[in-house]
Structure formats: structure tokens, C-alpha cells
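Visitor: Dock chain X against the given chain C, drawing on the hints supplied.
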Amino acid sequence: MMAQAGIKTVLLEAGPMYDPKKNVTQMKWPWESPRRGASTAHRNFGDFDAAYGGWSLEGEPYTHKDGTKFDWFRSRMLGGRTNHWGRISLRFGPKDFKRKSIDGMGDDWPIGYEDVAPYYDRVDKLIGVFGSKENLPNDPDSIFLPPPKPRLHELIIKDAATSIGIPVIPSRLSILTKALPDNKDRGACFYCAQCNRGCQVYGDFSSSSVLVNPAINSTHVDVIANAMVREVLTNDEGLATGVSYVDKTDMQEYTVQARVVILAASACESARLLMNSKSARHPNGISNSSNIVGKYLHDSTGAAMGGILPKLIGRKRYNEDGVGGMHVYTPWWLDNKNLDFKRGYHIEYWGGMGMPGYGFGFGMQGLNGKYPGRDGKMKPAGGYGALLKDDYRYFYGATFGMSGRGEAIAREDNYCEIDPKVVDKFGIPVLRFHYKWSEEEVKQARHMKQTFAEIIDKMGGVVTWGNDGAEKDYGLEAPGRIIHEVGTTRMGDDPKRSVVNRYNQAHECKNLFVVDGGPFVSQADKNPTWTILALSMRASEYIIEEMKKQNI
Amino acid sequence: MDRRKYLKSFTVGAIGTGALLQSCAPGEKTSQVAPLNHDRTPEEKAHYEKLMSEKFFTEHEMKTITVLSDYIIPKDETSGSASEAGVPDFIEFIVKDMPHHQVPMRGGLKWLDLRCNKEFGKPFVEGSGEQQTAMLDQIAYPDQAKPGVEQGVAFFNLMRDLTACGFFSSKMGIKDLGYMGNTPNQWDGVPDEVLKQYGLSYDQRTLDISVKFDS
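If you read the sequences in order, they're chains C and X. Just add 18 to the spot in the first sequence (first one is 1) and you have our numbering. Just add 45 to the spot in the second sequence (first one is 1) and you have our numbering.
Just so you know, these hints were derived from the structure itself, not from any lab. Misleading hints may appear alongside valid ones.
To be verified - Reference excerpt, derived from the structure (chain X facing chain C, CB under 8 Å, subset only):
1) Thr86
2) Val112
3) Phe138
4) Val140
5) Met180
6) Ala185
7) Asn202
8) Arg205
9) Asp206
10) Met225
11) Trp232
12) Asp233
13) Val235
14) Asp237
Glycine included, each C-beta is placed from N, C-alpha and C at the ideal position.
Excised from the complex, chain C in its bound form (with noise of 0.2 Å):
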């Protein structure tokens, strides 16, 4: 939006340059993995995904207080984490921005759906979303590409779901199973499955792909590669002048003067940038005389279990592999009045005949005991041989999984913060998490096992792992894991209790914004990815209307 409307723009980017047409990882066979696709310290999703780095980056450390539990995942890539995730693009509902108002607990946003709304629509638009008309009240209808048809395990557990009241409906992904109108640079989905590896025709969304690229293009834009933003410099008037940054290549330090700074580096590495920027104009950092920098930090919940379905055993062969991710999900479907929790979840599934790669028939001993063979008799669990070999055949496919992506409450006490005594290689200090789950979200955690535990009984299915109860929190992933951390920079009005207004824009500092999941209040049991889309270019929008009035 910049670029089109000429403003000059410098992007900064922690990692090196990449696109999926140059760097490719798709349509690759798992033997031409040395390891078959396994995960490495390089990239946590597997050997063939996209994304660079994970949980942990070599000489970039993170620290934890009281003992808390925090994972932060980091991609310093172009086009950052937008290389991994699962394509879900969620619009929130008019519910999940008044929150406070509906069950007392956090805050209500400063704006409400229909203020997102129009830039939900441009974004669905200019980067293309399939999904259906459902008319749901608090799961708006996007601006849809038709969806693909479900695949079979996927119509096994629609018919069971819905057969005890919990709806399934096409999954909502940013993938063009259409070839967008005007949009000459992407090609339509060609169904390899394969979105995590970054697509050479640029079929699903990643901001490198999508976004950065036509914005290079434009010759407006550049981007400097593997430039670590150290903190923004401010003025006597405690305006931002621009950003230094030290350059990975020659570990020199280096400034970038700017009319306006915009941050969009994920949640907490924003809300780094805010506290690492200290000046006589902002001793406690940017934007944070009111302490809020750092604090209501929450990621999504998640919990999961699976198992077999014996009718899928000795299936028939095709090629079952569809778009990169489900072709159906549930939305949240009930009441939280009703229940004794008071924030709902989505459940994504998974199955079917996909390829194989590392960990391809692992605890065979834990399978092939419990049903009849091909000949219709019991053997041994595990063995060898022949009849071992035919099992892998046999039962390939007949698995399946499910997942709940929940709302957690935004809290003042779960934070990140800059730790006092520890530095990264780059000798920027580095934050300290503090997070707990509370026991709303393990109640919610408990009550996706047991809907996860109803469906699979109604599909015939029999459940194989994930069976977790109160001693472990009920499989409730330690927050991070689900990689949907907000809340960190979050807006409002009221400066004292928040950091940015309404427009990203921070209290503090007006030529000073920031447009990733920080300015959050509350997640939404949706993915933050289609919200974030629609606040930054509602927020690029205000800044070029902001500068022609000379006001920034």
C-alpha cells in the first residue's frame, strides 16, 4: 500500500532473502532428505519446510522467570513466519472484539468488526481465501474462492460430528484454488499438499511471496537482508528519526533515517524493540511510561488426539493429497454461558494417504497386535519379515488426528520482559517470559478431549494417543507452541492501559507504529493472520493519510 501510494519504504529483515521459486523445497521426495524429512535445529517443521529457525536460534537466547514456560518460535527469513502456517484465514467475529463486555474477563478492543470489515474485504480480495456461506453470527463469511471437496477421513468425521451436533464446514484457507482475477504474478493450486514448503507458483499466502515481492517490484520498495534491528532512535521531542541496526554479514552497525517507523517483527520481538529503545524522552522505552509493553502477552491453546480408524485399513489407493492442510474444520459452536469456560476453540483435522518421511510406521508393535491381518487373523504384536512388511502396506492411511486452537485470556501477568543481565551475539538484550495457563484454559482443554474422545467413538474410530487427563493439564501445549502470540503492544484508548491507539499508532510516539499481533486485546479462537493482514493495511492506510496531512 505504501509503494502504491509512492512513499519511499525501507524494509529491514532480521534473515536473508527467499523465495520459493529460487529456494525450493516443493515437490521434492523424501529420499532426497539424507534424514527423509526429520525435523533439525535448522528448521523445527522438517527438513523440506520452508521456514528457517524455530524454538531456538543458535546465539539468540531467551530466558524464563519463576520457573514459567514459554516457547518462542523465530523465522528471520523474508516473509518471516508467514513460510509456516497452516493457511487458516479467519476472520474474527463482532463478538471477539467485546469480549470484556460479553463474559467480564480482559478488555474490549477500542474498535469493533465493522471497522475491520472493509479491510477484511480487501484483503480477501487481493490475496484470495476459499471457504463457504455459512452465515454463522461470530464466524463472518470471507469473500470466497470455492473450496476443494473433502477428503474420506474427512467425510467420516463430518457425518459423525454433525450427527451428534457439532458442525464441520469447508476449512477457510488463503490458497487459490482459483487463479485470482487481475493477478498475473500467481498461479492457481496445482494440490501437492505442500504449502508449508513455500510454493513456486506462489498458490497460497506468504507475505514474502504475495506481498514483498510486487512491492520490490515497484521500485519503491527496498529491502535490506540480514539487518538486526537494534532499537529505534528517537529525538529530543521523543519522535522517532528511524532505526540501527547491525548487519549479520559484517557485524557493523549501521542507521536508516525515517520520516515514520512502522514495527512488524512478531509480537514480542516488537515489543523487544519498544523496551530496548531507551532515551531521556522515554526512559522505560518507547510507548511504555504506562509499563503495558510486554504484559497480556497469549497465545492460542492447543490440544490434540488421534487414532485408527479400522475401516480405513487395506484402503484403496489414489492420490488423496488436496491443498496444503484441511479441507474441513469446526468452528466454535457453542454458548460459553453453558459451559464452565469462558472462551471457545476450532478443531482442525488431519489423515489420510500423505507422504511418507521420517517416523513413517513407528510403533508398529503398538498396531499391528490389536486388529486382524489381510487373511482375517490375529498374529503377534511386532515381528519381522514378510508379514511385517505387509502390515506397513495394510494399515497405511487408516490414521487420523484432531486438534482444538482455543482462546486464551489475555492477562496482565503473563509478559515478556527485558531480561537485566543477558544479551544475544548481537549484544541486544533479550527478553524474559513469565506465562501461566490458568484454569479456564485447562477447562477448555478438557472439554476438547472430550468432544475429541466423542467423534472419534461416533467415527468407529479407535483413539491411539493423546488420551491425557488432569495430570497433564489435559495435553494443554505449553504456550508458544502454537505459534499465535499477541497482546504484547496491545491498543486502546486510554494510554495508561495500553500502547497503541486504535491505528497501531503508538500513545507515545505519533510517526511510530506497529502492525503484527501485538496490538491485540484478545486472540480470538481464530488464527491471527487474516486480522493482522486487515489492521496493517487499515493502519498503512491512516499513516499515508496522516502524512499528506503533515500531521506525521
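Guide: Showing chain X alone in chain C's frame:
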């Protein structure tokens, strides 16, 4: 963008790669671990080269792994054996890449040889076929294993896992398994005969709203 052109070039790319891999002469003593031809960061390249320059298993251990892997996945009418699919080289690589496998594998192999020595006076690979299978029968069936061989069972479970995943993620194994994806296509749902087999169908609304292909 002409999607057809891309579909075509992908297909050619896939065939080209296959031909390259096959061009290694059979029986050649070089490792069957594939050279890298996908996106790698400099750190990943350095890590790969370091691992490839190291050797973890001794010749005797590799020999034992080869024999064991072929017991687990033997040649049959559909496909070749684990060692023909390069599984021992995969195991050598993966234990270097995942150091947590090193002690269980090395120690497990040692456990096996000691046990064989006790039972028939030779290390595993030097036993007769009958001696070897009699040994495996003691550790390959966890629910029937007698007390005292639990460590052998644990080792064999790991060996079975690594062998099977190494085999079924190899070119030979994927062909055997019948995985039919990883190819550009227009995915138009579950085939009719499969829907019929399970007594399922797409409802009218699904058919109406789902993506349709012109060709």
C-alpha cells in the same frame, strides 16, 4: 501465469531427478544418501558436510545393521529388501543427525552380540540362519518376550522403526506402498468407487459449492 506450463515443467523435473539417482552403478560402494538438491541455508550445508565426513558405525556394526534390516524388510514379490533400498546408509546418517539414537543403537547391537555369544558362541552375523531367527524370535514380539530380554526388545523396536521408515521413504518403498501424490493435479474429491465402498457420497450442497475444473 500459464499453470499448464508449470505442471509440465514439474513433471520433467521429477523425472530428471529420478534418472540422476538411478545413474549410480549398482553395487557401488558409495553411500546411498542423496546429495542435496533442495533449498539449504549455509548452516545446513555445513552441518550436512560435517555429518557426511564422519563415520559412526564400525564395519562390524554396519554389517549387523544390514543383516537385521533385511530380516525386518526382506525382498518379496512386490519390492526389494531394506538393504537394496539403502536403509543401512540411512541409519548411519540418521544416528549422526540425531545423536539420541547413538547409544541405544550401539548399545543394542552390543547387547545382541553378547546374547548371541552366550547362546551360540558367536556374534549375531556369524550365526547360522536358524540361530539368527531363533534369537530374533526372542526379541521381536514384545508381548511374548520372556523376562530378561527387555533391553533386546527395546533395541529391536528402534531397529524396526528406523528400518521401516527408511525403507518406505525410499524410492523403492514409496512405489511399493502405492503413495500416488506429490504430482501436480486437479484434485476433484474421493473417487466414486471408493465412496461407494464406504457407503458415502457428497451431498448436493458440497457438489454445488466445491471447486470445479474446466478440463
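Visitor: Does each hint hold? Answer for all of them.
Guide: Hint check results:
1. Thr86: It holds, given that the least Cβ distance between Thr86 (chain X) and chain C is near 6 Å, below 8 Å.
2. Val112: Since chain C brings no Cβ nearer than about 12 Å to Val112 (chain X), farther than 8 Å, the hint is violated.
3. Phe138: holds (5 Å)
4. Val140: Status violated, d = 11 Å.
5. Met180: violated (11 Å)
6. Ala185: holds (5 Å)
7. Asn202: Constraint on Asn202 (chain X) satisfied, holds at 6 Å.
8. Arg205: OK, holds: Arg205 (chain X) within 8 Å of chain C, min 7 Å.
9. Asp206: holds (5 Å)
10. Met225: At about 4 Å, which falls below the 8 Å cut-off, the nearest Cβ of chain C leaves the hint on Met225 (chain X) intact, so it holds.
11. Trp232: The hint holds - Trp232 (chain X) has a Cβ within 8 Å of chain C, the shortest such distance being about 4 Å.
12. Asp233: holds (7 Å)
13. Val235: holds (5 Å)
14. Asp237: Violated, because the Cβ-Cβ distance from Asp237 (chain X) to chain C comes to roughly 11 Å (cut-off 8 Å).
Of the numbered hints listed earlier, those contradicted by the structure are 2, 4, 5 and 14.
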